[in-house]
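*Asks:* So the sequence lines, in the order shown, correspond to chains V and Y. Everything in the first sequence is counted per the working numbering, starting at 284 for the first residue and increasing by one. Everything in the second sequence is counted per the working numbering, starting at 6 for the first residue and increasing by one.
Since the hints were made in silico from the structure, they are not lab data. Even for Gly, the Cβ is constructed at its ideal location relative to N, Cα and C. Hints are supplied without guarantee of correctness; some may be wrong.
What the hints assert, rightly or not - Stretch-level coverage of chain V by chain Y, calculated; a stretch enters the list once three of its residues show a Cβ under 8 Å from a Cβ in chain Y:
1. 312–318
2. 337–347
3. 414–420
4. 583–591
5. 594–606
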Amino acid sequence: MTNNKMTHASAVREGLAEEMRRDPLVWALGEDLSTAHGGTSADQYRGLIDEFGEKRIVNTPISENTIMGAAVGAAVAGTRPVADLRMADFAMCAVDELVNQAAKIRYMFGGQARVPLVVRQAIGVRKGGAAQHSQSTEAWYIHTPGLVVVAPATAADAKGLIKSAIRADDPVVYMEHKDLWMAEGEVTDDPGELVEIGKATVMKPGSDLTIVSWSKMAIHSLEAAKIIEEDNISVEVINLRSLWPWDKNLVYKSVSKTGRLLVTQEAVQVAGFGAEISADVTENLNDQLKTHVRRIGAPRTPVPYAETMENEYRVTTERIIEKVKELMS
Amino acid sequence: MKAKNSTNYPDRILEMYRTMSLIRAFEEIAEEAFDAGLVNGSIHQYIGEEAIGTAVCANLKRSDYILSNHRGHGHAIAKGADPEAMMKELLGREGGTSGGKGGSMHIADFSVGMLGANGVLADGLTMGVGAAQALVLREENAIVTVFVGDGTTNRGPFYEALNWAMIYKLPILFVCENNTYASSTATQTVTAGPGPVARAEAFGMPAFDVDGNDVCAVDEIARSLVEKIRNGHGPHFLHARTYRIKGHISRDKMLYRPEGETQAHLSNEPLLKCKEWLIENGVKQEEIDNIRNMAYVQIKEALEAAKKAPFPDKKLTYKDVQDLGSPYFGESS
Ligand SMILES: Cc1ncc(C[n+]2csc(CCOP(=O)(O)OP(=O)(O)O)c2C)c(N)n1
Ligand SMILES: [Mg+2]
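Produce the complete structure using the sequences and hints provided.
*Replies:* Given below as structure tokens:
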């Protein structure tokens, strides 16, 4: 078994392909899955139609409700669908099927049925994506009982998490970041290696302050932590990977050590997942905290288009550094 | 775009050629700007489809509404939006149609009844129904036109909107621009039945088919449908056959498209067809070419003006969110 350097898009494709080889009842559905042989967003499925055929790589009409609804139906009927809604923004068209059906069926029907599906929906600001192509909606689904939510930050996460998501018997919302699709990282070719849902990783150990993050913000947080080391501030960066369930043990352990917590997120800060983490840590570790918990996130505005405003909206490495300094002062 | 003298038919078509030329020039120069790194987001071009928006909007009044989709530059220009303000929007500059907030996929000009391009497929249909309800409530003698792509006819809201428009006999013209593709998918491969006309007819809606690359034909049918709708005969459906000459977005390499397919459609493209018709009907080649050239001059000037325009102040990020509880500069984070 060796490690190979590859993009997130390729990593997630390999993960999906491995699971499809392992289990003939795993299949994928979504718009343009079998036709998109070029371009960035095509990489995730490149070549899969040739290996698995059109029964398992289903090119759907532009019918979001039915993509999601069909995935739910196919899951309760004994298969493991991976529904691709492309962007979190379009997934809103199918929130009903996901939230009212997928998330509720097991409970509502007294445990008779399981809904083992994965729904892929990309989040994050994509340059110039503006109000309807750049939203980060992970908090919506974390708020929904019945759903598991994961958000990879590295190529290895991307592969390991899609595999675990497919094997999970719960409906899993898999939120990849558009800007990370082409980012590269080391990825194992061992089909048996998974990333366990609910387990975070320490991207960089540190002793003064803990940053908890996920998706692309974990990359920015790591970058910030490395830069700020020059100021003799030792930051521990935790990449959550899985947002529900989230790895409270690891976060508690780290915060108990550092006594300081900053949560960094790309989504709108108000009522975002950072609020939940902050509240939880404050409630449970108050006596260990040297200073109050801080959050960083986007302002409560739609995502603007023009570069100047988009940059104002974005959470950047520089802003994270500033916040860390504020916390340490 | 009113004809200079609508009794003189070639003049009317020449005027439409001017609008089509403006759209074509806008799309080509927007692509150059994109390639030069001046456009922040991606662009969906209307190249090859200009005759539809042009001829439909030529039959609308300023007080009529249109709702567009992601491929909205042509609709906006045809309804009378200022190409310079649009170019500024693409470049994310001050003076853009949306002040730089929206970009290519969110061009709107409410002052000319252009209620917005849209990044989410099919939402224009249901909002168009509402706009028509509003016109009825306000007792305005205006109509709504909704432009929708072929691929989007597979979304549920398409059916909800058609049904609703029909039961309340709303003043709406649905224009389905069938360019045969939905992103990288050939729409036929994911679409059952004989097509959009039959789907509209299933609701009892009068539906018509037209060669969308023939500006005269679109003009003729649009004129009669708009008149019927204005006279209270309820919604009508127009299916315009065309072809998307460029990629789904400008940087799409179209690896999914059979070799030679685009080439085969070039001889049928609407500006060329219109030019041939104009020459046959006595308009001088020189005059036609001059119109085309002037369009490029105008759009190049628009691009230059856009490049000189300042970027919006970052504080504007916090403007126009909402009245109550709006964020302010420096808040949050
Ligand atoms: C609800 C929704 N689903 C998917 C998309 C992504 N998307 C944008 S354009 C497009 C294809 C649209 O095809 P069609 O309706 O034929 O219009 P065309 O692009 O050909 O003009 C897709 C799938 C979207 N913007 N909104
Ligand atoms: Mg189309």
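*Asks:* Run every hint past the structure and note whether it holds.
*Replies:* Checked hints:
{"no.": "1", "hint": "312–318", "result": "holds (count 3)"}
{"no.": "2", "hint": "337–347", "result": "holds (count 6)"}
{"no.": "3", "hint": "414–420", "result": "holds (count 3)"}
{"no.": "4", "hint": "583–591", "result": "holds (count 8)"}
{"no.": "5", "hint": "594–606", "result": "holds (count 6)"}
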